[in-house]
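Asker: Start from the sequences and build out the full structure, keeping to the hints where you can.
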Amino acid sequence: MSVARLSLVLALLFGGFAAAMLLRGADAVWSPASLGFTAWVIAPYALLAAAAVFGRPPAAKAGALALLFFAGGYGTMAYAEITFHFWSKPDAQDALVFVVVPFMQLLVGLPALALLFGLAAWLERRKAPRN
1 MSVARLSLVL ALLFGGFAAA MLLRGADAVW SPASLGFTAW VIAPYALLAA
51 AAVFGRPPAA KAGALALLFF AGGYGTMAYA EITFHFWSKP DAQDALVFVV
101 VPFMQLLVGL PALALLFGLA AWLERRKAPR N
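Quick note on numbering: this note's numbering labels position 54 of the sequence shown as 54, and the sequence is numbered without any gaps.
Please keep in mind that the hints were generated in silico from the structure rather than gathered at the bench. The C-beta atom is built at its ideal place from N, Cα and C for all residues, glycine as well. Some hints could be false.
Estimated spans, in silico, between C-beta atoms of each pair [stated by the list, open to error]: (1) L6 x R130: 29 to 39 Å; (2) R130 x F103: 36 to 46 Å; (3) F70 x L96: 20 to 30 Å; (4) A46 x W87: 24 to 34 Å; (5) D91 x G118: 38 to 48 Å; (6) W122 x W87: 38 to 48 Å.
Answerer: Right, dumping it as structure tokens:
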């Protein structure tokens, strides 16, 4: 399976799980606000999948896939914990995880992607033959 396809599959799995946990907590009420929050929760996965699909250097694609894997693992663990409470007790502020986790994923993911694509472009220029 190619990096692009694997990225899309992982993004669909992570994004679908996050959206399901969000809507499970909201009793599956569809409103403009719930659609906005669903888009907010899915945004980091869509961004990282797009970077892995449309990235030009192969090293950048693989790095974006790794970022997607780590961000998705962290998000899945956080959303599952808040929804099912494996280790914690229910709290009134549990829903804030659906605001904070995507923010943290984007806060870490965007600079990491910029650094990754910059480094990959530099390596590509360095490998290019000089005339």
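Asker: Falls inside 38 to 48 Å, the C-beta gap from W122 to W87?
Answerer: holds, 42 Å
Asker: Taking 20 to 30 Å as the stated bounds, is the beta-carbon spacing between F70 and L96 within them?
Answerer: holds, 22 Å
Asker: Per the hint of 38 to 48 Å, is the separation of the Cβ atoms of D91 and G118 within bounds?
Answerer: holds, 40 Å
Asker: Check the following: the C-beta atoms of A46 and W87 are separated by a distance inside 24 to 34 Å.
Answerer: holds, 29 Å
Asker: Is 29 to 39 Å right for how far apart the beta carbons of L6 and R130 are?
Answerer: Once the Cβ atoms are compared, 35 Å apart, the range 29 to 39 Å for R130 and L6 holds.
Asker: State, for the Cβ atoms of R130 and F103, whether the hinted interval 36 to 46 Å holds or is violated.
Answerer: holds, 43 Å
Checked against the numbered hints above, the structure breaks none of them.
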